[in-house]
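Trainee: Could you put together the complete structure from these sequences and hints?
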Amino acid sequence: MGCGSAKPVNVQETEYINSSKNHSRTSSISEGQTETTKLYRRANYLIKNERYEQAMQLLDRVLENDPDFADAIYCKGIVELNQNNLEDAKKYFQISLEKQPNHALALNELASLMIKEKQYKEALEYLEKGFQVNPNIPDLNYGLGYVLARLKRKSEAIKYFDMAINQDPNQKHYYVSKATTLSDLKQYDNALEAIQFALKIDSQYLDGYQVLVYIYRQSKQYEKMEKACEQVLKLDSQNQYALNCQQEIPKKISQQQPQVSQVQISVEDQLKEVRKLQVEQQYTQALSLLNLILEKDPNHLQALKLKAQIQIELKQQASCLVTLDQILTIQQNDLDTLKQKVTILEYLNKNEEVLKCYELIIVQDTSFELLEKKASTLIKLDRIQEASNIYEQLSSQSSKDDSKIFIIRGRLLQAQKKYDDAIICLNDGLNKFPQNLEILNLLVQMYKDTKQEQKALEIYDKLLNIEPTNEQYLYEKGSILFNLNNFNESFDILKQLKKNEYAQNINYYLGICCNEKKEYMDALKYLSLYIKTGKENLEQVYFIMGSANLFLMKFDEAIDSYQNCINLNPNNSEAYFQLGNVYKQDKLMEEAQKSFEQAVKIDPQNNLYKQALDNIINEKSYLQEYRNSLLFTMITFIGSCQLDPKSQDFEKKQNEKYLTLLTLMEAHLKKRFNTIDKHFEQLKELIGKSYDMKLTLIDDTLFPIMQFWHNQKICKKKKDNNDLVVSMINAAKSMINSNNEKILRYIQNEKSLNNQFCIEFLQKCQHESYQKISGKIGLQDGIKILGFLIKYHKEFNSDIKSFAEFITNKYLIDEIQNFHDSYYHQNV
1 MGCGSAKPVN VQETEYINSS KNHSRTSSIS EGQTETTKLY RRANYLIKNE
51 RYEQAMQLLD RVLENDPDFA DAIYCKGIVE LNQNNLEDAK KYFQISLEKQ
101 PNHALALNEL ASLMIKEKQY KEALEYLEKG FQVNPNIPDL NYGLGYVLAR
151 LKRKSEAIKY FDMAINQDPN QKHYYVSKAT TLSDLKQYDN ALEAIQFALK
201 IDSQYLDGYQ VLVYIYRQSK QYEKMEKACE QVLKLDSQNQ YALNCQQEIP
251 KKISQQQPQV SQVQISVEDQ LKEVRKLQVE QQYTQALSLL NLILEKDPNH
301 LQALKLKAQI QIELKQQASC LVTLDQILTI QQNDLDTLKQ KVTILEYLNK
351 NEEVLKCYEL IIVQDTSFEL LEKKASTLIK LDRIQEASNI YEQLSSQSSK
401 DDSKIFIIRG RLLQAQKKYD DAIICLNDGL NKFPQNLEIL NLLVQMYKDT
451 KQEQKALEIY DKLLNIEPTN EQYLYEKGSI LFNLNNFNES FDILKQLKKN
501 EYAQNINYYL GICCNEKKEY MDALKYLSLY IKTGKENLEQ VYFIMGSANL
551 FLMKFDEAID SYQNCINLNP NNSEAYFQLG NVYKQDKLME EAQKSFEQAV
601 KIDPQNNLYK QALDNIINEK SYLQEYRNSL LFTMITFIGS CQLDPKSQDF
651 EKKQNEKYLT LLTLMEAHLK KRFNTIDKHF EQLKELIGKS YDMKLTLIDD
701 TLFPIMQFWH NQKICKKKKD NNDLVVSMIN AAKSMINSNN EKILRYIQNE
751 KSLNNQFCIE FLQKCQHESY QKISGKIGLQ DGIKILGFLI KYHKEFNSDI
801 KSFAEFITNK YLIDEIQNFH DSYYHQNV
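Once you know that position 561 of the sequence shown is 561 in the UniProt record's numbering, the rest is easy, because the numbers rise by one and skip nothing.
Please note that the accuracy of each hint is not assured.
No farther apart than 27 Å at their CA atoms in a straight line, the calculated lysine-lysine pairs in the DSS-like style are these [unchecked claim]:
| hint | residue 1 | residue 2 |
| --- | --- | --- |
| 1 | K172 | K129 |
| 2 | K495 | K532 |
| 3 | K159 | K498 |
| 4 | K154 | K220 |
| 5 | K48 | K373 |
Just so you know, these hints were derived from the structure itself, not from any lab.
Mentor: Below you can see the structure in the form of structure tokens.
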């Protein structure tokens, strides 16, 4: 969708974001592997890779076959849009709507063009219509949010931004627009939360930091605004918006301070106001007021404690530690402050400082919980004996009827690396306290540490019986099922998770699960999301994407995926091998050979790789022989039916043409066949196998051969195919003309040859040679050839269906390949 961030005029606009990079949708034609489908798919791929001229050529070919193909017209609009030819783009989008009035993507892009011209009301009409057609297009929902924000309907805009984010959580500009709109609604904390998601996706996102400046400016947090400006200028030293904001910061601060000082309010009243703001979750205003108090009295204890509380709420851990240390310099060893400090230190994994803090706390409070936490910290620092001493002390103090005794013993045995004993102890505790979450969590951790995944799975089932919606438990259970290769259950569980903190890994797991379930389209969807932000297992992910694309016959995408895999690991021999298989299926024999050679070079002992390389070398030779022999052989055989010097209508030029072909064929095949007659007999025997006109000899032989020529790129052009068909028709007509009466009697006497196409042709012919009867060899074959060609000739010459596409629809490639393998070897 061509919408930038919904920011006020004084914020620099982001570049319009188009959906054109991701525009492929279900086409209006069958999803079968027709020529048109392949051309359309290839055009989409070229657009994605910014190869626009080639894409337009393919789209023109698609529209020659199907002028009403709205998606192809839409794609032409996308090409023009990406090249900034806005008027041409608009024209194509409008034509696609004429062909398909409910084309949601075209509606979306036309709205995008209107937004560029600031025609927001008109754009809204198109977007609302598109939403009614398909509410599941993220860019369209984002566009609705953008336009509504510009029309001052900001609360409504948030709804559509959220819809877009839920549908595609990896688009950073969605969060930027949402954050800007929330800031305009004075929901600053929510705005800051939204912008953090954008910066998690891209830590160098300039627009994200600009909006951060904007939020701090609106919320009057000028110190933070200054830091955000510095970040923007690191990315763009000439950024005018950040430079302007930097200049106004001193003035804003000086204006802010006198206004407060003029109002004579006591410190106690100011603290009451802070507490009120804290309850209302207006944390930024509360902090501003506290900073004013602390400027006058840096050691004001209540103000410092309130500031620490608010910083904890805002998860400003580093700043909070500074505040807590200030409190401890004033009020040494304050217990509440120490407990707050240790919580933050644990979050930051500063275990040495955590231990020191617990030692200070335990001087004043020797509670069971605190001693246990100190012992856990000692284990993290690998001070096992000290931890064991604490656990033994706690164990001796605990009652046998207290669940904590089992937890303590379990941790003690864990510290001593006596895992089996620890598991027995915890299971005893579980028998006595079956709903105790602490025992269950410790036990499941033991099972995971000892690789007893099936046992861990059973414990997670118990945990989920107690807390069915706990996403941590669901995530862990789904991960274990994944490791146990139970992909169906793993997928069903992980699909339920909603928290963004799991999103990255979940897309990885879901993608692998779908691949194992052979749901390749979904596998590619999830893995494509994963590679946008994921950093682990990328080599494996690209390899799986390659195999999924290959299964779907998406050769271009499969090649890209395997090449990405190889870029990550140039020694991945299997990736080279599979890349060779893709090239081979796409009939790119030179590239296939190079890939197989590289696989063998990396792993010279692999027999599979060596066999593949040998096969491709032999097949290249075989295809050349096939091109040179069978093509000439078939044309020559049809020509031989025509070689009848006694026929009155025989044309000298045709005779010379086919005699020339006979000579060429004889020269090429001299080594393979003892005599040319023997070769003809072999061919006639093959062709003469079919006598039922429901399955003509063409269906069984000649037509599949022509399909094979097409697949192997022997007959590369539509004209080559059509010329061949016309040649066969002329040859068969000539033969039939010299044998009319015998043919007619034969057709009438044989039910298996009672073919209406042959009868109609014979009845209409008035040639004088019909009165002659001869025992011409090839009579039955000629009838069948003619019947088939007349039957299908219109389809060969149709404007909307070329010969190549017709045969692609009629035959399965594997069946034709089997036929040709057997035929070729039979005649070698």
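Trainee: Can you list which hints this structure breaks, lowest number first?
Mentor: As far as the earlier hints go, only 5 is violated by this structure.
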